[in-house]
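If you count by our numbering, then the sequence shown holds residues 81 to 402, one letter each, in order.
Hints may be right or wrong, so weigh each one.
Claimed, not checked - Below, computed lysine-lysine pairings styled on DSS-like, alpha-carbon distance capped at 27 Å: (1) Lys163 to Lys249; (2) Lys102 to Lys121; (3) Lys216 to Lys163; (4) Lys285 to Lys330.
To be verified - So the derived label-pair ranges between C-beta atoms look like this: (5) Arg246 to Lys284: 44 to 52 Å; (6) Gly160 to Glu239: 15 to 23 Å; (7) Ser345 to Pro231: 46 to 54 Å; (8) Ala329 to Asp256: 45 to 53 Å; (9) Gly162 to Pro130: 30 to 38 Å; (10) Asp190 to Arg326: 48 to 56 Å; (11) Asp389 to Asp190: 36 to 44 Å; (12) His138 to Gly160: 17 to 25 Å; (13) Lys121 to Glu239: 19 to 27 Å; (14) Asp129 to Gln344: 50 to 58 Å.
Since the hints were made in silico from the structure, they are not lab data. Yeah, the Cβ is synthetic: ideal placement off N, Cα and C, and Gly gets one too.
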Amino acid sequence: MHTRIFCAVLIVLLASSSAPAKVRVFVLAGQSNMEGKGSIKHLEQLLSDPKTAATYQHLRDRENWTKRDDVFIRYNDDRGHGKLTVGFATPTNRFGPELQFGHVIGDAIDDPVLIIKCAWGGRALAMRFRPPSSGKGDYTQRNKKNKELEPVPAEVYGEAYRDTIRIVKETLANIDDYVPGSDGSYELSGFVFFQGFNDIIDAKKMDEYGVNLANLIRDVRQDLDAPKLPFVIGELGQQGAEPERRYAAKHFRFRKIQSDVAQQSEFQDNVAFAPTAIHVVKEGDHFDGGYHYYGRADTFFQIGQSFGDAMLQWIQPPGEKK
């Protein structure tokens with residue numbers, strides 16, 4: 081009798097342990113810095129320096145870059161998918177916030193993780209990322225032929241927003257194509273938005289940024305049928321903690337607009353503002369322009385860490401560790 085009970089229990093345990101786990105899905109969206117501009121060359125230098133190697137050693141497996149078996153990524157329609165590693169960026173000799181973000185989340189939870197990255201350079205929230213609730217914009221652009229001002233075509237507004245929602249839905253419907261062994265079950269667990277440069281350089285776009293950002297959060301949640309979806313707003317911080325005097329007022333104002341959205345009463349329990357300016361390194365080698373955080377690997381690594389830490393407060397109870 082006891083033998084039969086033991087066998088029955090063992091069968092149940094084996095069946096439950098072999099069942100595919102639910103995939104935890106995170107969407108990372110934005111413009112060029114979400115595309116990823118962290119230099120892999122610089123990352124190699126950091127790994128070769130005894131003073132910094134320990135921070136990044138989990139990214140390297142002897143002579144190869146680490147590929148996580150429990151964290152996967154899909155980047156846009158045509159930028160590839162696979163196990164999380166360096167190179168899911170534009171160009172491919174770079175990496176973005178997804179790299180360390182994926183390690184932070186993957187280390188914290190037991191379920192497999194899928195990152196859906198939707199990022200395109202030069203997209204303003206007021207235009208191509210414009211959420212439906214903000215309505216049609218009234219911006220103009222110069223005609224390429226005669227240079228005269230003309231209304232921005234209606235289809236431009238919200239183009240990147242619609243592409244993001246479409247890519248996410250297509251991926252979720254075919255999740256077993258992106259996460260080996262998945263049975264198709266998933267939980268949409270978080271959304272990170274890292275964007276703003278094309279809005280801060282235009283006073284009108286900057287003035288409506290707060291309204292548009294709040295609408296983006298609401299509309300994403302509605303369109304993905306996730307009313308409490310945890311959201312992280314990535315600070316526009318290229319100018320660093322101490323911006324140049326001529327840019328300081330504008331950048332501090334923009335950062336406050338972003339952080340104020342996270343403090344709105346409807347968002348206080350599930351929207352976080354993640355700092356990036358404190359991670360800017362202006363001294364030393366530059367691998368890109370200042371608008372791309374100088375392309376420094378240490379900066380993009382820390383930005384990913386910041387986004388991951390901000391997300392964990394919503395998806396992981398205090399004190400709970402993997």
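Here is how each hint holds up against the structure:
1. Restraint check: the Cα-Cα separation between lysine 163 and lysine 249 comes to about 20 Å, which is no more than 27 Å; the hinted pair holds.
2. Between lysine 102 and lysine 121 the CA atoms are separated by roughly 36 Å; this puts the pair beyond 27 Å, and the hint is violated.
3. The straight-line distance between the Cα atoms of lysine 216 and lysine 163 is roughly 39 Å, outside the 27 Å bound, and the hint therefore fails.
4. Proposed proximity of lysine 285 and lysine 330 is supported: the alpha carbons are some 13 Å apart, at most 27 Å.
5. Between arginine 246 and lysine 284 the C-beta distance comes to about 28 Å, which lies outside the given range of 44 to 52 Å.
6. For glycine 160 paired with glutamate 239, a C-beta distance near 22 Å keeps the hint of 15 to 23 Å intact.
7. Roughly 36 Å separates the CB atoms of serine 345 and proline 231, a value that falls outside the hinted 46 to 54 Å.
8. Between alanine 329 and aspartate 256 the Cβ separation comes to about 50 Å, which falls inside the hinted range of 45 to 53 Å.
9. Distance hint check: the CB atoms of glycine 162 and proline 130 are about 31 Å apart, consistent with the given range 30 to 38 Å.
10. Distance hint check for aspartate 190 and arginine 326: the Cβ-Cβ separation is about 49 Å, which falls inside the suggested range of 48 to 56 Å.
11. The hint said 36 to 44 Å for the Cβ distance between aspartate 389 and aspartate 190, and at roughly 19 Å that hint is violated.
12. For the hinted restraint 17 to 25 Å between histidine 138 and glycine 160, the CB-CB distance of approximately 22 Å keeps it satisfied.
13. Checked against the hint of 19 to 27 Å, the pair lysine 121 and glutamate 239 fails, with Cβ atoms roughly 33 Å apart.
14. Between aspartate 129 and glutamine 344 the C-beta distance comes to about 43 Å, which lies outside the given range of 50 to 58 Å.
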